[in-house]
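> Line order of the protein sequences matches chains X and R. Number 53 in the numbering used here belongs to position 53 of the first sequence; there are no gaps in the numbering. Number 103 in the numbering used here belongs to position 103 of the second sequence; there are no gaps in the numbering.
What the hints contain is simulated information worked out from the structure, not anything from laboratory work. Please note that a few of the clues may not be correct.
[Claimed, not checked] Computed list of lysine to any residue pairs in SDA-like fashion (alpha-carbon distance at most 20 angstroms, straight line): (1) X:K37 / R:D86; (2) X:K68 / R:D1; (3) X:K37 / X:N53; (4) X:K71 / R:K11; (5) X:K37 / R:E68; (6) X:K56 / X:G41; (7) X:K71 / R:K57; (8) X:K42 / R:K57; (9) X:K68 / R:E68; (10) X:K37 / R:S5; (11) X:K68 / R:Q41; (12) R:K57 / X:K37; (13) R:K11 / X:A24; (14) X:K42 / R:S87; (15) X:K68 / R:D24; (16) R:K11 / R:T38; (17) X:K42 / R:E68; (18) X:K37 / R:K11; (19) R:K57 / R:E68; (20) X:K42 / R:D24; (21) X:K71 / X:G41; (22) X:K37 / R:G40.
[What the hints assert, rightly or not] Derived coverage of chain X by chain R (criterion: at least 3 residues anywhere in the stretch with Cβ under 8 angstroms from a Cβ of chain R; other residues may be distant): (23) 66 to 72; (24) 77 to 84.
Since this is a predicted model, take the numbers as computed values, not measurements. The beta carbon of each residue, even a glycine, is placed where N, CA and C say it ideally should be.
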Amino acid sequence: GESVGLHLPTLSVQEGDNSIINCAYSNSASDYFIWYKQESGKGPQFIIDIRSNMDKRQGQRVTVLLNKTVKHLSLQIAATQPGDSAVYFCAENIGAGGTSYGKLTFGQGTILTVHP
Amino acid sequence: DTGVSQDPRHKITKRGQNVTFRCDPISEHNRLYWYRQTLGQGPEFLTYFQNEAQLEKSRLLSDRFSAERPKGSFSTLEIQRTEQGDSAMYLCASSLVPGETQYFGPGTRLLVL
């Protein structure tokens with residue numbers, strides 16, 4: 001079946017470095033992508049999203065890039081801080097018109113560890 | 001705090017018992033979703049509601065699972081005759097409309113002994 005997956009299960013960086021977390025997706029009908037951060041024992045926390053009619057979107061210290069040609073999504077975190085340590089998930093939303101519109105499909109997750 | 005609340009936060013039960021979880025979505029959010037998350041995995045879709053109507057159920061949702069959203073506000077997820085394989089984090093999310101950002105609650109962690 002079609003799914004969302006992550007290239008790197010773990011990422012370890014030094015405080016102040018930039019982090020890049022990657023995600024591959026396979027459903028060409030997906031039109032909306034979201035990055036979530038999940039800390040231990042908590043629910044996923046929304047970070048940033050992007051729609052398929054865009055290729056880049058920036059937030060506070062975060063940037064999401066979407067490459068529809070190769071079905072690749074990335075999350076860039078600038079000046080990574082220890083508080084950024086968490087599991088990061090990408091999720092995709094199947095496009096409008098499908099019966100499952102709105103349902104999110106998640107990847108496995110990348111563990112980001114930031115060393116002071 | 002996203003505004004989505006779940007109760008209880010933790011539940012330990014013996015195999016064969018019934019359990020019920022509650023989710024209170026963000027006020028005025030029409031869409032309410034239930035997901036299940038096991039250790040080391042991303043959340044997996046279970047079911048969702050548009051107002052009070054349950055529109056889709058995953059194949060993960062066996063006959064022992066039932067969900068309701070009677071007044072289009074809070075929702076309950078009941079698991080009957082729990083099994084050890086039901087042990088997981090049960091997450092609730094809500095969105096204003098389909099295709100918009102889903103905000104998750106803190107989850108209910110279920111342990112079936």
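> So, for every hint listed, does it hold in this structure?
Taking the hints in turn, this is what the structure says about them:
1. X:K37 / R:D86: Distance of about 24 angstroms is beyond 20 angstroms: violated.
2. X:K68 / R:D1: violated (33 angstroms)
3. X:K37 / X:N53: Status violated; Cα separation ~24 angstroms.
4. X:K71 / R:K11: violated (39 angstroms)
5. X:K37 / R:E68: Status violated; Cα separation ~28 angstroms.
6. X:K56 / X:G41: violated (31 angstroms)
7. X:K71 / R:K57: violated (27 angstroms)
8. X:K42 / R:K57: violated (24 angstroms)
9. X:K68 / R:E68: violated (37 angstroms)
10. X:K37 / R:S5: holds (18 angstroms)
11. X:K68 / R:Q41: violated (25 angstroms)
12. R:K57 / X:K37: Not satisfied, since the Cα-Cα distance of roughly 26 angstroms exceeds 20 angstroms.
13. R:K11 / X:A24: violated (35 angstroms)
14. X:K42 / R:S87: Between K42 (chain X) and S87 (chain R) the Cα gap is close to 16 angstroms, so the pair holds against 20 angstroms.
15. X:K68 / R:D24: violated (36 angstroms)
16. R:K11 / R:T38: Satisfied, since the Cα-Cα distance of roughly 15 angstroms is no more than 20 angstroms.
17. X:K42 / R:E68: Distance ~24 angstroms between K42 (chain X) and E68 (chain R) Cα, so the pair is violated.
18. X:K37 / R:K11: Violated, because 24 angstroms separates the two Cα atoms, which is more than 20 angstroms.
19. R:K57 / R:E68: OK: K57 (chain R) and E68 (chain R) at ~12 angstroms, within 20 angstroms.
20. X:K42 / R:D24: holds (16 angstroms)
21. X:K71 / X:G41: Given pair K71 (chain X), G41 (chain X) is violated - Cα atoms ~31 angstroms apart, limit 20 angstroms.
22. X:K37 / R:G40: OK: K37 (chain X) and G40 (chain R) at ~14 angstroms, within 20 angstroms.
23. 66 to 72: With 0 residues closer than 8 angstroms to chain R, the stretch 66 to 72 of chain X misses the three-residue bar; violated.
24. 77 to 84: violated (count 0)
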